[in-house]
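These are the residues of each chain, in order.
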Amino acid sequence: GAVVSQHPSWVICKSGTSVKIECRSLDFQATTMFWYRQFPKQSLMLMATSNEGSKATYEQGVEKDKFLINHASLTLSTLTVTSAHPEDSSFYICSGRGRRDVCYFGSGTRLTVV
Amino acid sequence: AQKITQTQPGMFVQEKEAVTLDCTYDTSDQSYGLFWYKQPSSGEMIFLIYQGSYDEQNATEGRYSLNFQKARKSANLVISASQLGDSAMYFCAMREGQRTGANNLFFGTGTRLTVIP
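Chains E and S supply the protein sequences, listed in that same order. Heads up: the first sequence at position 98 corresponds to 98 in the working numbering, and the numbers run straight through without jumps. Heads up: the second sequence at position 113 corresponds to 113 in the working numbering, and the numbers run straight through without jumps.
You may find that some hints are simply not true.
Each computed BS3-like pair below joins lysine-lysine, with the alpha-carbon atoms no more than 27 Å apart [claimed, not checked]:
| hint | chain 1 | residue 1 | chain 2 | residue 2 |
| --- | --- | --- | --- | --- |
| 1 | S | Lys3 | E | Lys41 |
| 2 | S | Lys73 | E | Lys41 |
| 3 | S | Lys3 | E | Lys64 |
The hints are simulated quantities; they were obtained by calculation from the structure and are not laboratory data.
Please take these sequences and the hints and turn them into a complete structure.
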């Protein structure tokens with residue numbers, strides 16, 4: 001299947017700092033990338049939809065100024081968690097829409113804010 | 001209303017046996033897509049199988065098959081000849097408006113499958 005590379009796979013940061021998570025589609029062009037958040041033992045919650053060359057669309061309740069999304073090219077989308085707080089600790093995972101309209105996921109980033 | 005319902009929080013299956021993971025969905029769209037993903041403890045989401053609403057035959061991918069019953073709005077995943085490596089969380093997902101726009105996936109709550117040696 002198609003490959004989406006996501007890094008870092010895990011990060012620990014201090015409260016108040018910012019963290020950038022990158023997702024790259026390696027063998028397909030993803031005009032759309034989806035960013036999800038997953039709490040322990042729960043399902044994936046869509047945070048935002050990122051479209052190449054335009055502003056991201058955020059789901060209700062997701063702060064766009066806190067979770068900055070940039071989709072600068074057809075193969076790269078980034079999520080920056082600004083001024084991170086302990087409650088932002090979570091598993092973040094991206095997906096790109098590839099062949100046959102299947103969404104392929106990155107390997108996820110486990111963020112811990114201390 | 002929940003768009004995707006997975007009623008089995010956990011399932012156990014003996015190695016080499018087959019297992020069915022249930023999934024029902026709710027949509028008023030005529031065109032939609034159904035997906036199954038596997039999430040091992042490492043966290044990655046692995047695509048397993050896809051079924052389009054207009055596909056007449058049930059999708060199959062190796063040991064995975066999707067039992068698609070449109071009238072009942074169910075899309076159960078069947079794993080044949082279970083292996084220890086199949087132990088993971090399994091998510092059913094749906095995208096409405098197949099092949100249109102940038103529609104995201106709606107996920108069920110998942111089923112944790114444990115394969116017993």
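Hint check results:
no. : hint              : in the structure
1   : S/Lys3 x E/Lys41  : holds, 19 Å
2   : S/Lys73 x E/Lys41 : holds, 26 Å
3   : S/Lys3 x E/Lys64  : holds, 25 Å
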